[in-house]
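S.K.: Residue strings, one per chain:
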Amino acid sequence: MGVGVIVVTGIPGVGKTTVMKRAAEGMDIEFVTFGTVMSDIAIKTNLVKDRDEMRKLSLEQQRTLQIKTAEKVGKMKNVIVDTHCTVKTPKGYMPGLPEWVLKKLNPTAIVIVEADPKEIFNRRAKDATRNRDPDTVEKIAEHQMMNRAAAMAYATLTGATVKIVFNHDNALDEAVKEASPVLQ
Amino acid sequence: MGVGVIVVTGIPGVGKTTVMKRAAEGMDIEFVTFGTVMSDIAIKTNLVKDRDEMRKLSLEQQRTLQIKTAEKVGKMKNVIVDTHCTVKTPKGYMPGLPEWVLKKLNPTAIVIVEADPKEIFNRRAKDATRNRDPDTVEKIAEHQMMNRAAAMAYATLTGATVKIVFNHDNALDEAVKEASPVLQ
Amino acid sequence: MGVGVIVVTGIPGVGKTTVMKRAAEGMDIEFVTFGTVMSDIAIKTNLVKDRDEMRKLSLEQQRTLQIKTAEKVGKMKNVIVDTHCTVKTPKGYMPGLPEWVLKKLNPTAIVIVEADPKEIFNRRAKDATRNRDPDTVEKIAEHQMMNRAAAMAYATLTGATVKIVFNHDNALDEAVKEASPVLQ
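Residue numbers (our numbering), protein chains in the order written: chain Z, 2 to 185; chain X, 2 to 185; chain R, 2 to 185.
Incorrect hints may appear among the rest.
Using 30 Å as the maximum straight-line C-alpha spacing, the simulated DSS-like pairs for lysine-lysine come out as follows [said to hold, decoys possible]: (1) Z:Lys105 / X:Lys57; (2) X:Lys104 / R:Lys104; (3) X:Lys89 / Z:Lys78; (4) X:Lys89 / Z:Lys104; (5) X:Lys178 / R:Lys57; (6) R:Lys140 / Z:Lys92; (7) R:Lys105 / Z:Lys105; (8) Z:Lys76 / X:Lys92; (9) Z:Lys69 / X:Lys92; (10) X:Lys104 / Z:Lys105; (11) R:Lys92 / X:Lys89; (12) X:Lys178 / R:Lys119; (13) X:Lys22 / R:Lys92; (14) R:Lys89 / Z:Lys140; (15) X:Lys69 / Z:Lys78; (16) Z:Lys89 / R:Lys140; (17) X:Lys104 / Z:Lys78; (18) X:Lys69 / R:Lys104; (19) R:Lys104 / X:Lys76; (20) X:Lys92 / Z:Lys89; (21) Z:Lys119 / X:Lys92; (22) Z:Lys140 / X:Lys89; (23) X:Lys105 / Z:Lys76; (24) X:Lys127 / Z:Lys178; (25) Z:Lys45 / Z:Lys69; (26) X:Lys105 / Z:Lys78; (27) R:Lys89 / X:Lys76; (28) X:Lys22 / X:Lys178; (29) R:Lys50 / R:Lys89; (30) X:Lys73 / R:Lys92; (31) X:Lys76 / R:Lys57; (32) Z:Lys76 / Z:Lys57; (33) R:Lys78 / Z:Lys92; (34) R:Lys105 / X:Lys78; (35) Z:Lys104 / R:Lys104; (36) X:Lys69 / Z:Lys76; (37) X:Lys105 / R:Lys89.
So the derived list for chain R, only partly shown, Cβ under 7 Å to chain Z, looks like this [said to hold, decoys possible]: (38) Ala110; (39) Arg149; (40) Ala150.
None of these hints come from the bench; they were simulated from the model. Note that CB positions come from ideal geometry on N, CA and C, so glycine has one too.
Let's have the full structure, built from the sequences with the hints guiding it.
M.R.: Structure representation (structure tokens):
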């Protein structure tokens, strides 16, 4: 049985993994990261030697890998998949779940973990590993808005529900409580 | 001939049915509720005994029923269909018109009836039949925003236009006037 | 080689063509307008005598023409296509790139040129060729929001990135700089 394939998304600094791991605590659900499954397949099939080589793949090779990954994860049927709704790149917002991925992954629910843009800005500022050209509060709000639009397009193609979960500062319990119904 | 299949949506308390019935007054257009057509089919085919049993159907059975309903309504070709852009559930916003429904329904226009979130909040508060755990004004705004995103995804798959009609307090005539071009 | 098919969109008065022509200056990229290619095909195939007759075509004829146009432009593979994310009509927002167009066009990136709704309002007010029933600032904001939602649906079906470029008053250089990575 199981809950099906639950996709969890959220922009960097929002704490999506923390929220979903806590919400799934004690439950018999697998937890995978889409990107990790993808690079594992690439290494196993000798496409690349390590994760750093992933970006050298052609667009065509990447799509093939995405499909293989989605097929593998889609078959798990009782799994939380950590991935991106959209990835911010210099060329714009890249959809994390384009149609060819969705049709194999068949998610039952898409969770978007959000926080106030200012909270995310401050969390990123405290993280020394982040780059020196930070997004403004306005750009963070824009990214979250585009993710909502993307998620509804994903839902249209799959029938998945879209759950917005707020992970405000010092309110992890509240976030976990909001996320819980998705796992039932 | 006719106007094709016009979908009318709007969150609870917004008055979508009132607006569209008034806009279609005196016109030769059928008016159906998607959910009613669906449960009628389920009863007629002995899947359920009454509407209350609809929620016991499996996801697979529900999809099959949705498709049959969309096929039936899609053939009417001169009809206003009352339904939901998204349904708010504990698992998140569920798309009312997923791809498999859209491809059979083939709507020519999707009307979203909206009001200010505060207006909707107050209308719901006055309605004694509503539940005791009301959405906040912020959550009402979020629901309306997600509906807009969903509607544009529906439009992308069908070519339907998306018409936003405001049904403000004491301004039904204005709303009817805004909705009218869709029926021409 | 080339950059693929780059779609540039933006509501009337935003200056999308200016921004993209400047960003592509000196580069070996074709620049076409979707609507012009479409009416050229219609005239060449004797469907219409001139552009004014385009609006007399049936919905079915228009779709066939859209597909032919998308096929032609999609094959260019190193081209900027000027078109609309959504077109505002009395029946609502009409998607400029419905699924049947997207699947032939296969864009690699969709650029949305935006400005503050007030800036757009003022630019339109100064333009004597515009109609006498102007959109309010709120309606301009609504149109831009619907375009973002549409663009993410387009991206979901194609994998294209969605780049938002702000073309504020007296800041064309900034806009061109934002748009440039899409052309690399």
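S.K.: Taking the hints in turn, state whether each one holds.
M.R.: Okay, the hints, checked on the actual structure:
{"no.": "1", "hint": "Z:Lys105 / X:Lys57", "result": "holds, 27 Å"}
{"no.": "2", "hint": "X:Lys104 / R:Lys104", "result": "holds, 16 Å"}
{"no.": "3", "hint": "X:Lys89 / Z:Lys78", "result": "holds, 24 Å"}
{"no.": "4", "hint": "X:Lys89 / Z:Lys104", "result": "holds, 24 Å"}
{"no.": "5", "hint": "X:Lys178 / R:Lys57", "result": "holds, 26 Å"}
{"no.": "6", "hint": "R:Lys140 / Z:Lys92", "result": "holds, 28 Å"}
{"no.": "7", "hint": "R:Lys105 / Z:Lys105", "result": "holds, 22 Å"}
{"no.": "8", "hint": "Z:Lys76 / X:Lys92", "result": "holds, 21 Å"}
{"no.": "9", "hint": "Z:Lys69 / X:Lys92", "result": "holds, 28 Å"}
{"no.": "10", "hint": "X:Lys104 / Z:Lys105", "result": "holds, 19 Å"}
{"no.": "11", "hint": "R:Lys92 / X:Lys89", "result": "holds, 27 Å"}
{"no.": "12", "hint": "X:Lys178 / R:Lys119", "result": "holds, 26 Å"}
{"no.": "13", "hint": "X:Lys22 / R:Lys92", "result": "holds, 17 Å"}
{"no.": "14", "hint": "R:Lys89 / Z:Lys140", "result": "holds, 26 Å"}
{"no.": "15", "hint": "X:Lys69 / Z:Lys78", "result": "holds, 27 Å"}
{"no.": "16", "hint": "Z:Lys89 / R:Lys140", "result": "holds, 28 Å"}
{"no.": "17", "hint": "X:Lys104 / Z:Lys78", "result": "holds, 27 Å"}
{"no.": "18", "hint": "X:Lys69 / R:Lys104", "result": "holds, 27 Å"}
{"no.": "19", "hint": "R:Lys104 / X:Lys76", "result": "holds, 26 Å"}
{"no.": "20", "hint": "X:Lys92 / Z:Lys89", "result": "holds, 27 Å"}
{"no.": "21", "hint": "Z:Lys119 / X:Lys92", "result": "holds, 27 Å"}
{"no.": "22", "hint": "Z:Lys140 / X:Lys89", "result": "holds, 28 Å"}
{"no.": "23", "hint": "X:Lys105 / Z:Lys76", "result": "holds, 28 Å"}
{"no.": "24", "hint": "X:Lys127 / Z:Lys178", "result": "holds, 29 Å"}
{"no.": "25", "hint": "Z:Lys45 / Z:Lys69", "result": "holds, 12 Å"}
{"no.": "26", "hint": "X:Lys105 / Z:Lys78", "result": "holds, 28 Å"}
{"no.": "27", "hint": "R:Lys89 / X:Lys76", "result": "holds, 28 Å"}
{"no.": "28", "hint": "X:Lys22 / X:Lys178", "result": "holds, 12 Å"}
{"no.": "29", "hint": "R:Lys50 / R:Lys89", "result": "holds, 26 Å"}
{"no.": "30", "hint": "X:Lys73 / R:Lys92", "result": "holds, 24 Å"}
{"no.": "31", "hint": "X:Lys76 / R:Lys57", "result": "holds, 25 Å"}
{"no.": "32", "hint": "Z:Lys76 / Z:Lys57", "result": "holds, 28 Å"}
{"no.": "33", "hint": "R:Lys78 / Z:Lys92", "result": "holds, 17 Å"}
{"no.": "34", "hint": "R:Lys105 / X:Lys78", "result": "holds, 28 Å"}
{"no.": "35", "hint": "Z:Lys104 / R:Lys104", "result": "holds, 16 Å"}
{"no.": "36", "hint": "X:Lys69 / Z:Lys76", "result": "holds, 28 Å"}
{"no.": "37", "hint": "X:Lys105 / R:Lys89", "result": "holds, 25 Å"}
{"no.": "38", "hint": "Ala110", "result": "holds, 5 Å"}
{"no.": "39", "hint": "Arg149", "result": "holds, 6 Å"}
{"no.": "40", "hint": "Ala150", "result": "holds, 4 Å"}
Of the numbered hints listed earlier, not one is contradicted by the structure.
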